[in-house]
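Undergrad: Given next are the chains, with one letter for each unit.
Number of protein chains: 2
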Amino acid sequence: MSTKPAIGFCGLGAMGFGMATHLVKSGYAVTGFDVYAPTLEKFKAAGGIPSTSLSDSAKEKEYYICMVATAQQAQTAIFGDEGILKGLPKGATLLLCSTVPSAYAKSVQKELKDVGREDVLFIDAPVSGGAIRAADGSLSIMAGASPAAFEKGKWLLEELSAPAKLFIVEGGVGAGSNMKMVHQVLAAIHILAVSEAFGFAARLGLNGKDVREAVIESQAWSWMFENRSVRTLGEDYFPGASAVLIIIKDTGIITSMARSLGFSTPLCSIAEQVYFSALDRGWGTNDDAGIVRLWTADPVSNIQTKLSDEDKKAKLDLVINLLSGIHLCAAAESIAFAKHIGLPLPQLYELAIDAAGGSAMFKELGAKMIPILEGKSGESGGDLSALAEKLTSAINEAQAIRCPLYLGNGALNLLAQAGKDVDLGSLLNLYAGR
Amino acid sequence: MSTKPAIGFCGLGAMGFGMATHLVKSGYAVTGFDVYAPTLEKFKAAGGIPSTSLSDSAKEKEYYICMVATAQQAQTAIFGDEGILKGLPKGATLLLCSTVPSAYAKSVQKELKDVGREDVLFIDAPVSGGAIRAADGSLSIMAGASPAAFEKGKWLLEELSAPAKLFIVEGGVGAGSNMKMVHQVLAAIHILAVSEAFGFAARLGLNGKDVREAVIESQAWSWMFENRSVRTLGEDYFPGASAVLIIIKDTGIITSMARSLGFSTPLCSIAEQVYFSALDRGWGTNDDAGIVRLWTADPVSNIQTKLSDEDKKAKLDLVINLLSGIHLCAAAESIAFAKHIGLPLPQLYELAIDAAGGSAMFKELGAKMIPILEGKSGESGGDLSALAEKLTSAINEAQAIRCPLYLGNGALNLLAQAGKDVDLGSLLNLYAGR
Chain A
43 MSTKPAIGFC GLGAMGFGMA THLVKSGYAV TGFDVYAPTL EKFKAAGGIP
93 STSLSDSAKE KEYYICMVAT AQQAQTAIFG DEGILKGLPK GATLLLCSTV
143 PSAYAKSVQK ELKDVGREDV LFIDAPVSGG AIRAADGSLS IMAGASPAAF
193 EKGKWLLEEL SAPAKLFIVE GGVGAGSNMK MVHQVLAAIH ILAVSEAFGF
243 AARLGLNGKD VREAVIESQA WSWMFENRSV RTLGEDYFPG ASAVLIIIKD
293 TGIITSMARS LGFSTPLCSI AEQVYFSALD RGWGTNDDAG IVRLWTADPV
343 SNIQTKLSDE DKKAKLDLVI NLLSGIHLCA AAESIAFAKH IGLPLPQLYE
393 LAIDAAGGSA MFKELGAKMI PILEGKSGES GGDLSALAEK LTSAINEAQA
443 IRCPLYLGNG ALNLLAQAGK DVDLGSLLNL YAGR
Chain B
43 MSTKPAIGFC GLGAMGFGMA THLVKSGYAV TGFDVYAPTL EKFKAAGGIP
93 STSLSDSAKE KEYYICMVAT AQQAQTAIFG DEGILKGLPK GATLLLCSTV
143 PSAYAKSVQK ELKDVGREDV LFIDAPVSGG AIRAADGSLS IMAGASPAAF
193 EKGKWLLEEL SAPAKLFIVE GGVGAGSNMK MVHQVLAAIH ILAVSEAFGF
243 AARLGLNGKD VREAVIESQA WSWMFENRSV RTLGEDYFPG ASAVLIIIKD
293 TGIITSMARS LGFSTPLCSI AEQVYFSALD RGWGTNDDAG IVRLWTADPV
343 SNIQTKLSDE DKKAKLDLVI NLLSGIHLCA AAESIAFAKH IGLPLPQLYE
393 LAIDAAGGSA MFKELGAKMI PILEGKSGES GGDLSALAEK LTSAINEAQA
443 IRCPLYLGNG ALNLLAQAGK DVDLGSLLNL YAGR
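Protein chains in written order, with my numbering: chain A, 43 to 476; chain B, 43 to 476.
All the pointers check out, no bait thrown in.
Since copy identity is lost for identical chains, a pair holds within one copy or between any two.
DSS-like, lysine-lysine: derived pairs with alpha carbons at most 30 Å apart:
1) Lys67 to Lys132
2) Lys462 to Lys410
3) Lys462 to Lys148
4) Lys462 to Lys418
Treat the hints as calculated values from the structure; they're not laboratory data.
As the structure is a prediction and not an experimental result, all values here were calculated from the model.
So that you can see chain A by itself, here it is in the shape it has in the complex:
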């Protein structure tokens, strides 16, 4: 582009603020709207143009990015009386980067037409990667739109994403949101797994710092674990960076979509119930890393380990076994769901291995699951009985000390259901219905 176009932006939360200020740093004039005044001041200090009116923030903007928290907020922001559409000029490009149900993304497209604003080029473009990558313009983006909209708006998606991390998902508006949804199956399960693992570890007498170190170097690694564990160790929950209410919104999208299709998402549903119980404790606006408080009131980084080196190693192994088993089943749940709704599996794989849903198990075993689901592998592949046995050792110990492991038990029951000679094929088959 020869001259940099002005951009409108609404929703300056943890992710949105990073995205908007990244664009500012890249030389764009960004007019930002948020309902929270202190954020607007911070945005101004970062070189942005603050706006206290949604319609004003959209005036004369050929490009507009909506990064609010929910579909409900997006609906008001876009179509409200003094909303974005009021200000948005003819032929502008509108990006919706929030995580919303694909049905909602499609409804925006339809409503634009219904209200006589077919001229607006709409891109369904949810993102992943966390606040840091938002701020340095290296997000993963899953986008669905018409070819015309991509022609006009692709450069902006590229500004926000890392090279090779912009995924144009076939299928038009809604396809981006569907891809985000199946990605969030991983996120929703992995987030609770972080707290479940730290909680279990605390009751085993392990210090959180030792747990973090051991997990990150092991096959139990996940992006969420590496990311959230910093806040777990620092008790940085108030508000932290990602509220329980956010993952509740995402699990809601997943499980309600699954229900409407008659598809089972057992681990995601278990996670959702535990998130609801965290909400009942009054932790909705706290960081999701704080869910560890369901297991322990003491800070996990303060625990004085009184174990011998050998015992400590054995107990750390149990935590690793727990996480590995959960992540394995999360990978199956996500990939099987993607298959069920007809998404391209290799694209999900490429996306998730380097986004917030990534895990070592997904990377290693997800790669083997895809050819099985695509019917390209004659073998059912990958004997899982060793992993099942390891998970069993963790569950046995948890039962002995009466420690709830919601996901761990859910995962082990899935592996048991898959049968004695559990392998990737029989595990995936659990999701196929009959």
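Given the coordinates of chain A, work out where chain B should sit on it, guided by the hints.
TA: Here is chain B on its own, set in the frame of chain A:
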């Protein structure tokens, strides 16, 4: 019997006290031991002979009944330095009525031999039916023993049980405990279901009394609901009649046995995790009906319903739908487990329909499950899609109001896993492994 023999008894808890005093009322001289002194006084007042020594309580007793809470307690009581065996005369009959792992019951038999007390006739005889039926001698009893032991002790089992409610389970010592275990699959799930249903109802704005009335007359009836709901409405949890720790012991027996066999018990495992979380709240010695406090701090019988009659009816239906779906899957989980370990299914059916595991769903659909599992029914039988749809309506509403439904979601995921045309056959097939 011409003269009534003296009987020794240890473990005068809610169930044991009822059993022992029933024997007193029936004219037997019963010497009772308990570690809790006030209970001994109460027992004396009821006509029993109190004893402060286990070995003394067994002296010159041709019959002895052990009704302690756990296998660990039984082990100490029977084999401890000053235990039952110390006092028990040669050729006496020993009934173990506690709920214990079948492996433990077998180990008692073996250890009797190892310590040179093969002369003792040992009967593995867990019971069900609640404190009231214990006290009037109309319990359900599942007994496994040698023919010689039954010959000598059957009359005593008959004294404690209702006619037709004494189940002699083929397979010797251990078979009674196995039957109790699969029965407790129902109990373990139904107990949490009571609290989940009342908790959901409370959040829907329903008064607990209305809920009780509606459920008891519906297909959502269960023995546990009818029994526990009295205590839920009266907040009679301190200590109530059946502690959370008791059902935790039973779920532990179930899930650890299932794990060792590679069998899946998804709903029972979910229930166990929630019981552990109740324990974390400090409710271990409270009545299990008090688990409703995970959902609501207010007494459910105090809720002022502000709903129209129509709305009230619709919301009560949601609660009924929730319970029916859970009870359906509980029936499948229990019966499939019984099949897996080779227990006679018709006997389980006869036992459970009139014991603490009973439910309207078990009675109606359990009867249809058995011929399917026995291969006697060509059809897979009983379309369940209407029940699945009703359960879905409850889950949708719960999600909208962010109410955790651990079991409800677990059950719906099982029905979804069973496939689009879910029927009894496809549901049971989930438990078959592959």
